[in-house]
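Just so you know, the sequences run in chain order A and B.
Residue 168 in the working numbering sits at position 168 of the first sequence, with consecutive numbering throughout.
Residue 36 in the working numbering sits at position 36 of the second sequence, with consecutive numbering throughout.
Hint data in this document are derived by calculation from the structure and do not stem from the laboratory.
The reader is advised that the hints may include incorrect statements.
Which copy? The list can't say, so a pair holds if one copy fits it or any two copies do.
[Unchecked claim] Mimicking EDC-like on lysine to aspartate or glutamate, the simulated pairs with C-alpha atoms at most 20 Å apart in a straight line are:
(1) Lys274 / Asp286
(2) Lys162 / Glu119
(3) Lys268 / Asp25
(4) Lys274 / Glu127
(5) Lys248 / Glu67
For reference, the chains in residue letters:
Protein chains: 2
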Amino acid sequence: MADKRGFSGVIAPVLTPFGEDGGPDTERFVAHCEWLMQEGCTGLAPFGTTSEGNSLGLDERMELLEEIVDSDIDPAKLMPGSGTPSVSDTIVLTKHAVELGCGGVLMLPPYYYKAPSEEGLYRFFSEVIEGVDDDALKVYLYHIPPVAQVGFSLPLIGRLIKAFPETVVGLKDSSGDWSNTAAILEAYPKFEVFPGSEIFLLDGLRKGAAGCISATCNVSAAAIRNVYDNWKGGDADQLQAGITALRKAIQAFPMIPALKALVAHYRKDPGWSKMRPPFTELPAADAEKLIKQLADAHNFRLDFAKAA
Amino acid sequence: MADKRGFSGVIAPVLTPFGEDGGPDTERFVAHCEWLMQEGCTGLAPFGTTSEGNSLGLDERMELLEEIVDSDIDPAKLMPGSGTPSVSDTIVLTKHAVELGCGGVLMLPPYYYKAPSEEGLYRFFSEVIEGVDDDALKVYLYHIPPVAQVGFSLPLIGRLIKAFPETVVGLKDSSGDWSNTAAILEAYPKFEVFPGSEIFLLDGLRKGAAGCISATCNVSAAAIRNVYDNWKGGDADQLQAGITALRKAIQAFPMIPALKALVAHYRKDPGWSKMRPPFTELPAADAEKLIKQLADAHNFRLDFAKAA
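Chain A with its partners taken away, still in its complex shape (with noise of 0.2 Å):
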């Protein structure tokens, strides 16, 4: 059952592989959220932007969130992203996580038309969640304005938490905007913020982010939850450093297929580069040239011998 104290490290918006027919492939989904909690995450956020969720079908998400529900993974650790333009569906997917023990969903704004009032926005969530009506939900708003375009403004998240306060009861910020992150710290003391990415961990933890929810801990969660663990410690600025360097070189490529050619690569298995349209894969050239960049300039290698 979910933890009363919420979410709080290192989690990964969860890649998704697809099988020569395109589907999704549940086989190597799994083993990777497996592979990503002996790796260090605190928590699995599957159908993010990262996992391409919104080029997954309903029926698509909903199946590959009971399978991991049906690993050894505690479903108190999972955020499933439940958001869609629309309220119906939205009260479709969120129900289903909720019922079957996820500990919080991450919630994309209705991101079709552009431009909603606060008061459109607000009505939005609150038919969401009395549409679900579970004292077991819990809200993690998904503020990613540089491509859901809507997005969350600090008045609003104001007002859900008023009305909702036992539900939403925290934000992901993928604006890429230190200076919004810490304003809703600022505004929101009790509020579980993760920053969208590990740069901002360090400054986002001595201002008491939550943690953080970022692309690279697909790759790079061992590193990531070090920086997490030894935060008070003296060496953690330097630390920091470490992973800010790693990820400002994996962003450099095109984030989501760059990540999924470095899975690809050290598992040894061609097929888990294959992008969901309107994504294409990293061309190979781009791919060799990421892996030897990384290595040299971070011996950055990924580990699967302990892999199922």
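Following the hints, position chain B against chain A.
Leaving out everything else, chain B in the frame of chain A:
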């Protein structure tokens, strides 16, 4: 069955009424569809942007479509919106529409991830068309970059026409940019192109457009149809000036709430104005202003005397 000549004329992206419980109101919906056909629409495009289509769940869309097909309206005259951010959900909705005998579908590009490559978009549509796998499928591309952010370049349109000449047969251009519509008409003369606003109807018809698919067809189909029927006549420019002026008066207000406010007023049915989040209703004072302005300056009213 679908007419081999495809769609042409005046097509309404049907407004979706909601009931007190927040769900789509099927009775009001079907009555509105039937009234639109009586008013002179040559076809209907439910679940477009004006329909709050992306605020509906998959099941809601399919149930509403079945309700129209169960009415007296010929399914060959229906072009439901079936595009979603995922290949799999898009296949579900599209297959359902084709199986019901719909003359076409209006397909958004995957709109969550921004700035996808042309290759990625090409693969998306290829996978959907191959996944539906039905010769009866007729796809109308839905180009609406002001909302979807993701759109169709001229080369992408050309590539899709070339790969699927019997399937990718037309496009709705809601860019609001006449030069873009003109460029598509010039590049692909056999393609069925519909400007997304009647402001471009006469210019479009003179360049080979198939008609228009416009939000305001929900309240002014008869006048728009009049331009369509008489575009070669001597008073075509004068008729066009009338529908252009009316459109501009309406779009000075938030379009979708304004259209619902007009239907609610003239149907004497306040419930019709209900919006689904993230939209909110037009404030009462604005609705009064809109109704008065249209009546005073455009002699505008809606007549539901013949309606069910």
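Status of the hints after comparison with the structure:
no.: 1; hint: Lys274 / Asp286; result: within (15 Å within a copy, 51 Å between copies)
no.: 2; hint: Lys162 / Glu119; result: within (14 Å within a copy, 45 Å between copies)
no.: 3; hint: Lys268 / Asp25; result: within (16 Å within a copy, 54 Å between copies)
no.: 4; hint: Lys274 / Glu127; result: between (37 Å within a copy, 14 Å between copies)
no.: 5; hint: Lys248 / Glu67; result: neither (33 Å within a copy, 53 Å between copies)
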